[in-house]
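Undergrad: This is what each chain is made of:
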Amino acid sequence: MSNLPPPTPRKPIDPLIQQRVANLRRNQSAAEAPAPAARQKPVGRRVKPARASKVASLALSAITTVGLAGVFAHSSQAEGAGTLTLATTADATAATTATTAATAGDTAASSTDSTATTTATVDTTAATTATTATSGQIADGTYVGQASSNRWGTVQVQAVYSGGQLVDVQILSYPDGDRKSVQINQRALPTLIDEAITAQSADVDTVSGATYTSRSYTESLQSAIDAALAASGLA
Amino acid sequence: MRAMSEWMWYLTRSTGIVAAVLAVASLVWGFTFSARNTGRRLKANWWLALHNWLGGLTLGFTGAHMLLAFLDTQAGLRFIDLFVPSGQVGWAIGWGVVAFWVFAVVTLTSIARVRRRLPRKAWHLVHLVSVPAVLVMAIHAYQIGSDALARWFLWGLAGLAGLAIYPLSVRLLGVAASRRAAASSTRLPARQRAAA
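One line per chain: the protein sequences are A and B, in this order.
Residue numbering for the first sequence follows my numbering, beginning at 1 and increasing consecutively.
Residue numbering for the second sequence follows my numbering, beginning at 1001 and increasing consecutively.
Calculated from the structure, these hints are not laboratory results.
Quick caveat, the model's predicted, so the values are computed rather than measured.
Be careful, since some hints might not be right.
Using 30 Å as the maximum straight-line C-alpha spacing, the simulated DSSO-like pairs for lysine-lysine come out as follows [said to hold, decoys possible]:
no., chain 1, residue 1, chain 2, residue 2
1, B, 1043, A, 54
2, A, 11, B, 1043
3, B, 1121, B, 1043
4, B, 1121, A, 54
One-sided and incomplete, this derived list gives chain B residues near chain A with beta-carbon spacing under 7 Å [unchecked claim]:
no., residue
5, 1010
6, 1011
7, 1013
8, 1014
9, 1015
10, 1046
11, 1050
Far from chain B, by Cβ distances over 12 Å, these chain A residues were calculated [as the list claims (entries may be wrong)]:
no., residue
12, 3
13, 23
14, 53
15, 58
16, 66
17, 68
18, 170
19, 197
20, 200
21, 201
22, 222
By construction, the Cβ of each residue, glycine as well, lies at the ideal position given by its N, Cα and C atoms.
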């Protein structure tokens, strides 16, 4: 006989634990079981959240894009009031002593969509006026540059020479089809004129926010200077 | 031909504006979703799905904006100018290119297949870069100057900023609150933390 104490009775297993063990066994046997030949797809509609909102946002975006483009087109045709002082070809003619004709680019004539009154004043044939040249310098006078068109309209300038120096650049036409163009050009053109007189050439920096006007201004002024050089026999 | 170019220009501007609005809308949806401030009426997955969709639409409209600018002969943009920012065409356009690349990367990394392969922190960091990209986009719109002086443009810009600030603030306040909570929980002794 041993002196061991009598065994204590085993505690009953918690029914919850029993249930979990049973579940585990069931899952294990299910996992080991061979897979069905073909798993059936769930019947019914595939969930596509926010489908209607997506379609609505796409439609709204497309409509807004087209609508805004239409508004831009309409507003660009709206009449604007230009207040920048424009020189006229008549002023230039009054100061003439001799007149030569230079053919301007036909780009100005192709401008059809601008309702600006100044654009209508652009001549396809620009008048260039000059006094007799003294040797080695540009003859005094007013030289009209070719009209240069860009997205916003036409820029045309005339260069005024006195004593062989570029003393003034007058604007014959500038884009003024809408208020914004007028605003930009009123800011940019005086700067461009000052720069050209300082540089005594058309080699001027582009004014920020007036890239197109700056380019057209440079082109027109360069053609005016070329005309001056040609008229003075320096070309 | 000239009229065609004009319409290209109008459509370039309008697609750009719509892309900007969509970008801000996507931002608002994203922050509203991540701040768990979506309300009870609509499910969270509705917000997430629409956020993703708006992001994709932003990229689509940005692409259309770039394509139209390229097709507009008067704009004088080369193909490379659409993808490489440079001082040659001006930084006004360059900022737009930068914003496009950020939107492209953010959208592409949000595609489920790509996202799964990225570490969560890296993805989140890339995703957050879209916030400064929206600001860069606004700089692009302002500097390009086509509509910068228009009153409606400035009001619209202010409105979009106002729309974006609310969910952004809610999100930032939420982040600050959760950080405070985390900091205070780490200061508690282990026994109290377990009890909490």
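Undergrad: For each hint, tell me whether it holds in the structure or not.
TA: So, going through the hints one by one against the coordinates:
1. B:1043 x A:54: This hinted pair holds, its Cα atoms lying about 15 Å apart.
2. A:11 x B:1043: Not satisfied, since the Cα-Cα distance of roughly 49 Å exceeds 30 Å.
3. B:1121 x B:1043: Given that 30 Å is the threshold and the Cα spacing comes to 25 Å, the pair holds.
4. B:1121 x A:54: Cα-Cα ~28 Å, so holds.
5. 1010: Residue 1010 of chain B check passes; min Cβ-Cβ to chain A is 4 Å, inside 7 Å.
6. 1011: Nearest chain A Cβ about 5 Å off; hint holds.
7. 1013: holds, 6 Å
8. 1014: The hint holds - residue 1014 of chain B has a Cβ within 7 Å of chain A, the shortest such distance being about 4 Å.
9. 1015: At about 5 Å, which falls below the 7 Å cut-off, the nearest Cβ of chain A leaves the hint on residue 1015 of chain B intact, so it holds.
10. 1046: Result: holds, 5 Å to nearest chain A Cβ.
11. 1050: OK, holds: residue 1050 of chain B within 7 Å of chain A, min 4 Å.
12. 3: holds, 44 Å
13. 23: holds, 29 Å
14. 53: violated, 5 Å
15. 58: Per Cβ check, residue 58 of chain A is inside 12 Å of chain B; nearest 7 Å; violated.
16. 66: The assertion about residue 66 of chain A is violated, with a minimum of 7 Å to chain B.
17. 68: violated, 4 Å
18. 170: At roughly 26 Å from the nearest Cβ of chain B, residue 170 of chain A sits farther out than 12 Å, so the non-interface label holds.
19. 197: Holds: least Cβ distance 25 Å, greater than 12 Å.
20. 200: holds, 27 Å
21. 201: About 22 Å separates residue 201 of chain A from the closest Cβ of chain B, which puts it past 12 Å; holds.
22. 222: At roughly 18 Å from the nearest Cβ of chain B, residue 222 of chain A sits farther out than 12 Å, so the non-interface label holds.
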